[in-house]
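K.L.:
In order, the protein sequence lines correspond to chains A and B. Residue numbers for the first sequence follow the numbering used here, beginning at 6 and rising by one. Residue numbers for the second sequence follow the numbering used here, beginning at 6 and rising by one.
Think of the hints as simulated: they come from the structure by calculation, not from any bench. Each hint should be verified, as a subset may be incorrect.
Unchecked claim - Within a straight-line C-alpha distance of at most 27 Å, the following computed DSSO-like cross-link-like pairs (lysine-lysine) qualify:
(1) LYS125(B) x LYS144(A)
(2) LYS144(B) x LYS136(A)
(3) LYS7(A) x LYS27(A)
(4) LYS40(B) x LYS125(A)
(5) LYS186(A) x LYS125(A)
(6) LYS190(A) x LYS136(A)
Remember, predicted model here, so these are calculated numbers, not experimental data.
2 protein chains.
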Amino acid sequence: MKIYETKTAPNPRRVRMFLAEKGIDMEYVQVDIQKGENLSAEMRAKNPLGKIPILELDDGTCIAETDAICTYFEALHPEPSLMGSTALEKGTIAMWQRQVELALMLQVGMCFQHTTGYFKDRMVPVPEYGKEAGINASKYLNILERRLELNPFIAGDSFSIADITALCAIDFARVVNIRIKDEQKNLLRWYDSVNNRASAKA
Amino acid sequence: MKIYETKTAPNPRRVRMFLAEKGIDMEYVQVDIQKGENLSAEMRAKNPLGKIPILELDDGTCIAETDAICTYFEALHPEPSLMGSTALEKGTIAMWQRQVELALMLQVGMCFQHTTGYFKDRMVPVPEYGKEAGINASKYLNILERRLELNPFIAGDSFSIADITALCAIDFARVVNIRIKDEQKNLLRWYDSVNNRASAKA
Numbered sequence: 006m007k008i009y010e011t012k013t014a015p016n017p018r019r020v021r022m023f024l025a026e027k028g029i030d031m032e033y034v035q036v037d038i039q040k041g042e043n044l045s046a047e048m049r050a051k052n053p054l055g056k057i058p059i060l061e062l063d064d065g066t067c068i069a070e071t072d073a074i075c076t077y078f079e080a081l082h083p084e085p086s087l088m089g090s091t092a093l094e095k096g097t098i099a100m101w102q103r104q105v106e107l108a109l110m111l112q113v114g115m116c117f118q119h120t121t122g123y124f125k126d127r128m129v130p131v132p133e134y135g136k137e138a139g140i141n142a143s144k145y146l147n148i149l150e151r152r153l154e155l156n157p158f159i160a161g162d163s164f165s166i167a168d169i170t171a172l173c174a175i176d177f178a179r180v181v182n183i184r185i186k187d188e189q190k191n192l193l194r195w196y197d198s199v200n201n202r203a204s205a206k207a
Numbered sequence: 006m007k008i009y010e011t012k013t014a015p016n017p018r019r020v021r022m023f024l025a026e027k028g029i030d031m032e033y034v035q036v037d038i039q040k041g042e043n044l045s046a047e048m049r050a051k052n053p054l055g056k057i058p059i060l061e062l063d064d065g066t067c068i069a070e071t072d073a074i075c076t077y078f079e080a081l082h083p084e085p086s087l088m089g090s091t092a093l094e095k096g097t098i099a100m101w102q103r104q105v106e107l108a109l110m111l112q113v114g115m116c117f118q119h120t121t122g123y124f125k126d127r128m129v130p131v132p133e134y135g136k137e138a139g140i141n142a143s144k145y146l147n148i149l150e151r152r153l154e155l156n157p158f159i160a161g162d163s164f165s166i167a168d169i170t171a172l173c174a175i176d177f178a179r180v181v182n183i184r185i186k187d188e189q190k191n192l193l194r195w196y197d198s199v200n201n202r203a204s205a206k207a
């Protein structure tokens with residue numbers, strides 16, 4: 006099996022970090038998204054939305070979407086658990102994973118795409134919306150700060166996929182000049198802890 | 006346990022339909038989102054993002070986010086499976102669920118919020134972005150049409166959570182005048198099949 010990805014993009018990094026935590030080796034095939042290599046007919050046959058990362062199994066079956074690829078490997082290799090073992094853990098981690106994705110990572114991505122024009126050959130950037138998305142992302146960091154005042158990790162006592170998503174989102178947010186503030190002490194403590202894991206370098 | 010929701014909103018309908026397919030009874034507490042009842046301090050203590058639906062367990066633990074609530078009940082009541090049994094099924098369903106959420110349901114929601122001003126007391130609507138989101142949603146219906154030419158259901162041979170999400174998104178899309186086109190024969194066949202399930206009335 007192999008994964009089509011772009012080394013510098015934030016979503017592929019989430020998958021690499023997830024697999025590193027699981028100790029799973031993988032072959033990675035680089036796709037240049039700025040040049041639009043992901044939009045070719047060949048790539049769209051693998052993923053109709055024309056996005057990466059995409060996991061291709063040895064029989065040619067493809068699974069796109071970061072969260073879906075992680076779901077596949079969590080089912081194959083349940084330990085160490087990154088998406089929860091009990092129903093309550095699974096639901097709680099899914100809640101935080103989803104909120105970090107929608108209220109932070111997606112907002113950072115929309116801020117990037119709509120204010121920089123990086124993909125202006127394939128979408129209509131709306132800078133005013135991109136600016137609002139950046140404001141939304143900054144506001145969500147305040148929610149995470151309060152959450153991390155009471156919990157060592159985002160979903161609670163244990164490291165999970167939600168921490169991976171948040172780390173990758175916050176690192177990518179530098180491109181639109183959004184950073185953890187000096188007064189967000191709990192976020193800074195959490196960031197150091199997660200960023201120092203070996204998987205963060207994957 | 007109980008679920009805080011708004012009967013007319015599309016995401017709560019996804020949860021009701023999911024629970025109806027599983028045969029799980031539930032107490033529902035209505036929250037008026039247009040009046041902003043979801044933004045009270047009491048509700049934000051249950052979900053910091055101030056959104057519904059929210060599942061509250063008998064001990065007061067809360068799980069927000071439609072997909073997370075469904076994940077919780079899928080783990081508690083695996084049959085009938087709506088999120089897959091094998092790793093490949095889980096990954097494939099998660100992929101389609103995610104794409105229907107991001108490329109259809111979210112786009113319909115953004116078109117609604119940014120073009121109608123329904124939530125203008127709590128966000129900055131950007132009509133130009135809302136219009137683009139509506140175009141994105143219409144384009145994704147073409148992808149679903151091609152998918153359903155080869156598969157009875159969105160994730161493949163079996164009914165899944167991805168079909169629930171798509172049905173609720175397409176029904177809600179009427180508010181922004183997006184509908185399945187007469188020439189999208191496979192989507193129309195699929196729509197009739199899913200809309201005729203007893204759970205669609207939940």
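K.L.:
Each hint needs a verdict: does it hold in this structure or not?
P.N.:
Verification of the supplied hints:
1. LYS125(B) x LYS144(A): holds (18 Å)
2. LYS144(B) x LYS136(A): Roughly 25 Å separates the two Cα atoms, so the pair holds.
3. LYS7(A) x LYS27(A): holds (16 Å)
4. LYS40(B) x LYS125(A): violated (38 Å)
5. LYS186(A) x LYS125(A): violated (31 Å)
6. LYS190(A) x LYS136(A): holds (26 Å)
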